Each structure stands twice: as structure tokens, then as C-alpha cells.
Amino acid sequence: MPHYALGEHNRILAVLFGYPYHAPSGGSARTNKIRWVPRDDAPGDARLTIEATLANPAQRVARVVDLGSSIVDLPQAGCRRLSLSWPGHTDRVYLDYQPRQEEVPDGT
Numbered sequence: 633m634p635h636y637a638l639g640e641h642n643r644i645l646a647v648l649f650g651y652p653y654h655a656p657s658g659g660s661a662r663t664n665k666i667r668w669v670p671r672d673d674a675p676g677d678a679r680l681t682i683e684a685t686l687a688n689p690a691q692r693v694a695r696v697v698d699l700g701s702s703i704v705d706l707p708q709a710g711c712r713r714l715s716l717s718w719p720g721h722t723d724r725v726y727l728d729y730q731p732r733q734e735e736v737p738d739g740t
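FYI, the numbering for the sequence shown is 633 to 740, going by the working numbering.
Derived by calculation from the structure, the hints in this document are not laboratory data. One should not assume that every hint holds.
[Claimed, not checked] The following label-pair restraints were derived from C-beta to C-beta distances:
(1) R667 with C711: 18 to 24 Å
(2) P675 with C711: 29 to 35 Å
(3) T663 with S717: 22 to 28 Å
(4) D672 with R732: 34 to 40 Å
(5) H641 with K665: 28 to 34 Å
(6) V696 with L638: 18 to 24 Å
(7) L638 with G720: 15 to 21 Å
(8) V647 with E683: 18 to 24 Å
(9) L638 with R692: 18 to 24 Å
Please read these numbers as outputs of a predicted model, since none were measured by experiment. For glycine and all other residues, C-beta sits at the position ideal for the given N, C-alpha and C.
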């Protein structure tokens with residue numbers, strides 16, 4: 633069953649693939665993939681601006697991705713507030729990024 637996050641104002645749905653997400657990214661085949669589904673139609677070439685903030689506002693990261701499916705990698709683990717904007721709309725979702733664990737071979 634897929635995980636999801638609904639925007640605070642119900643304007644966007646984030647379908648979370650590969651959950652739980654990890655930060656920093658790297659090394660494994662797992663990705664931090666999100667399918668962004670806006671409530672109202674958006675142009676096919678619309679871009680989504682993401683401002684991801686940890687509890688400390690100084691720890692802010694910005695990304696611009698496709699409105700649709702995208703990989704959202706962040707540099708540091710923690711609960712992130714993602715402030716989202718796309719043509720004519722804004723919303724906010726909260727996502728938890730776990731610390732990346734060292735992958736250990738299973739020995740087989």
C-alpha cells in the first residue's frame with residue numbers, strides 16, 4: 633500500500649514511493665521518489681518549487697522539480713516542512729527523512 637501526504641490546504645497530494653525516505657541520498661538503488669498530484673489541473677510542463685525547512689529556519693533547501701513524478705533528495709535527515717508552489721497555487725506538506733544506514737551485505 634503506498635504512503636501519501638496530503639497538503640495542509642488539500643491542494644496537492646504527495647504519493648510516496650520507496651518510503652521511508654533517507655538523507656543524504658546515495659549509494660543504493662532506493663530513491664526518494666514522489667508523485668505530486670495537484671487537486672486542480674496544471675499545465676503539462678508545470679514546475680513545482682519546493683522549499684524544505686528543518687526546525688531551524690537556517691536549514692533551508694530549495695528545489696525545482698517537475699509537477700508529476702520527481703526525486704526529492706535532501707542533504708540532511710529530519711522532519712521537513714515542504715512549502716510548495718506551482719502556477720497559481722501553494723500548499724505545504726510534512727515529510728520525515730531518516731538518516732541513511734550503511735548497507736550491510738547479507739553474506740549469501
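Taking the hints in turn, this is what the structure says about them:
no.: 1; hint: R667 with C711: 18 to 24 Å; result: holds, 21 Å
no.: 2; hint: P675 with C711: 29 to 35 Å; result: holds, 31 Å
no.: 3; hint: T663 with S717: 22 to 28 Å; result: holds, 23 Å
no.: 4; hint: D672 with R732: 34 to 40 Å; result: holds, 36 Å
no.: 5; hint: H641 with K665: 28 to 34 Å; result: violated, 23 Å
no.: 6; hint: V696 with L638: 18 to 24 Å; result: holds, 22 Å
no.: 7; hint: L638 with G720: 15 to 21 Å; result: holds, 19 Å
no.: 8; hint: V647 with E683: 18 to 24 Å; result: holds, 20 Å
no.: 9; hint: L638 with R692: 18 to 24 Å; result: holds, 23 Å
When the structure is compared with the earlier hints, a violation turns up for hint 5 alone.
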